[in-house]
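Trainee: What follows is the residue order along each chain.
There are 2 protein chains.
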Amino acid sequence: MADINTCPPLTRASVQDAAHRISGHVHRTPVLSSKYIDSVASTPQSPESLKGTEWEGQEPAKPRLCLLFKCENFQRIGAFKPRGAFNALLRFTEEQARKNTASELPVRIISHSSGNHAQAVALAAGELGLPAHIVMPSISTPAKIAATRSYGAEVHFSGPTPQERLKVVDALMSDTNFHNVFVPPYDHPDTILGQGTLGLELQNQAAEILPEGEALHAIMTPCGGGGMLSGVALSCQGTGVKVFGSEPSQDGADDCRRGLLEGKRIEKVSSLTIADGLRTPVGAIPWSVISDPKHVAGVFAVTDDQIRRALGLVLQRMKILIEPSSAVPLAVALYNEDFRGMIEREQGIDTTFNLGLVVSGGNIDLKRIPELIEL
Amino acid sequence: MADINTCPPLTRASVQDAAHRISGHVHRTPVLSSKYIDSVASTPQSPESLKGTEWEGQEPAKPRLCLLFKCENFQRIGAFKPRGAFNALLRFTEEQARKNTASELPVRIISHSSGNHAQAVALAAGELGLPAHIVMPSISTPAKIAATRSYGAEVHFSGPTPQERLKVVDALMSDTNFHNVFVPPYDHPDTILGQGTLGLELQNQAAEILPEGEALHAIMTPCGGGGMLSGVALSCQGTGVKVFGSEPSQDGADDCRRGLLEGKRIEKVSSLTIADGLRTPVGAIPWSVISDPKHVAGVFAVTDDQIRRALGLVLQRMKILIEPSSAVPLAVALYNEDFRGMIEREQGIDTTFNLGLVVSGGNIDLKRIPELIEL
Chain D
4 MADINTCPPL TRASVQDAAH RISGHVHRTP VLSSKYIDSV ASTPQSPESL
54 KGTEWEGQEP AKPRLCLLFK CENFQRIGAF KPRGAFNALL RFTEEQARKN
104 TASELPVRII SHSSGNHAQA VALAAGELGL PAHIVMPSIS TPAKIAATRS
154 YGAEVHFSGP TPQERLKVVD ALMSDTNFHN VFVPPYDHPD TILGQGTLGL
204 ELQNQAAEIL PEGEALHAIM TPCGGGGMLS GVALSCQGTG VKVFGSEPSQ
254 DGADDCRRGL LEGKRIEKVS SLTIADGLRT PVGAIPWSVI SDPKHVAGVF
304 AVTDDQIRRA LGLVLQRMKI LIEPSSAVPL AVALYNEDFR GMIEREQGID
354 TTFNLGLVVS GGNIDLKRIP ELIEL
Chain S
4 MADINTCPPL TRASVQDAAH RISGHVHRTP VLSSKYIDSV ASTPQSPESL
54 KGTEWEGQEP AKPRLCLLFK CENFQRIGAF KPRGAFNALL RFTEEQARKN
104 TASELPVRII SHSSGNHAQA VALAAGELGL PAHIVMPSIS TPAKIAATRS
154 YGAEVHFSGP TPQERLKVVD ALMSDTNFHN VFVPPYDHPD TILGQGTLGL
204 ELQNQAAEIL PEGEALHAIM TPCGGGGMLS GVALSCQGTG VKVFGSEPSQ
254 DGADDCRRGL LEGKRIEKVS SLTIADGLRT PVGAIPWSVI SDPKHVAGVF
304 AVTDDQIRRA LGLVLQRMKI LIEPSSAVPL AVALYNEDFR GMIEREQGID
354 TTFNLGLVVS GGNIDLKRIP ELIEL
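Line by line, the protein sequences are chains D and S. Going by our numbering, the final residue of the first sequence carries number 378, and the count climbs one at a time with no gaps. Going by our numbering, the final residue of the second sequence carries number 378, and the count climbs one at a time with no gaps.
Hints are computed from structural coordinates only; laboratory data are not their basis.
As a list, the in silico DSS-like pairs of lysine-lysine whose alpha-carbon atoms are at most 30 Å apart: (1) S/147 <-> D/370; (2) S/54 <-> D/370; (3) D/65 <-> D/245; (4) S/271 <-> S/297; (5) D/38 <-> S/147; (6) S/271 <-> S/170; (7) S/38 <-> S/370; (8) D/54 <-> S/370; (9) S/38 <-> D/370.
The whole structure should be built from the sequences, with the hints applied where relevant.
Mentor: See below:
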């Protein structure tokens, strides 16, 4: 990767540069809406449904929501990750060219992932003519291994724990016969700025879609490592569009929300939430953005049961496939009374709150759909 | 319904009139494509995969296909049926107004269906301010009954057989306190012309999508009662775009294909194919169009296993939900060597055959996805 000291500053202008850089390599994914889901979101929850929650006995909030779904499930590899991977690798090749210091040693792109990041790096490296070496746990599904290989990457296997994975990465990185370049999944400015490009697109698409005179009020994204949330927050800098994060609460996977309360990043999470893309704690560089209230106006959590219901609603009504992590922002909009109450207070009289929801990906295990949804 | 003798002729111009009539009531659904599925369709099948089929030992065909998916799964109620329902009911109200013979008796719209047609009639009647009475088998899923009621229709229950359903319909129709109007699911010119409007849209959208100088060569649709296939065929009249039908072969559900071979419509089918929207035999009026080789250039069949594979491919790669019936045209394009060989012969040297595939709907039973797909 490009040396972190030479990286562009974490600003909206840098996200715009990234968008220019990766255009032609990624899709401008569509923004979809559902009148039915808007009507569900704009109907107060029943007092009964709040029983047993922290909001029991409270009067249900009455937000009026218009939801715009930014559909990165239609992105290449089925998730937003190629934005960051292309930005990182293109920045690397630009820097090599500018310095005119192309090393004598052959370049190797190295990364590790059990999921979408592996395929994104494999795709970007392959398309830019760089050999990719991806470390994957040997228990990864054959489909994921085959997909990573199909982009031309060499797959190296490790044991299932993060420690075992990093050991294999370290071995690759220390091979001095190569110029080894590591691409981290979220904890790097180039990755963050690349992921943020989807926020710019959503702002432009909302302006095309919304009636004359109406504006996008806010965007809510899922939050795992925080690369995308921080990038989207930067993309909204100075626009007046608020940015929110959303997490699963299962087994404490809401590390970002809890860290904000404690004023300190939580560095370890061990959760088996069905939102498997969000089991990671927030990285240090994303945290530097997210923990600044000027950038992110709040982070909200939902239960796995609420994620199942939101996921079922999207599949049944919108006829698109999304992964459980991508149902988390909708679950917050539908079921989190703190969020809904805040929207009710913020929305003007007789107006609707226009909320963009980032659908991060569509790589759901099709054979497990019945256990992942609640209808 | 409008008296059949006063119906517009079965021509492309009548489909254009229908499109004008129903615009504003139905969505112009998107046309999607998948480079990956194009590459699969443009790769010859392996000789091994033809073992045990009628093409065993034959050299696999080498078509080059560009597939354009017309996505009626994103249509209102999740399927194409509202096109015909709106056209039929709007024609009825226009005729009443023109004749100035609105009866003294209150109008009731009556239909029967266990599936998409019920909801389409309920939606159209509700939106046009007409009371709808829908006969459904009492074994219908609660979700379908609730959906039909949610459009304001009154649901009447019957036993599971077609005979039992028709008995309840007859009882409703013979109530002389009302002006009862029956809306058939496919065997009526107004329905056929309404469904055909998706063919016009696809022709226009293909012209927008395909590179300068390239044209849509053909459209393939699923074929159940034949209302949509015949309507799409009429929409292509005089354009040079060929039209093909596709059916499941399970338990002889390929009645249209077999009828064309025998030169005679097959009136009875009893099949439990997973393509449950295509278990119906072709109706008499659709047959009058489909059996004319000037309108429909061929009808092809695939097995349920092939439908499962095509369905899995769409869900996994395109990230959209479609019902099993909607995977039938793709299954023909991927696995039917008669069709593929014909395309190979028809396509020009070094050119690609641009084929529109109609995705009829997305109302798949989410809880049954694992048994409905093969990955």
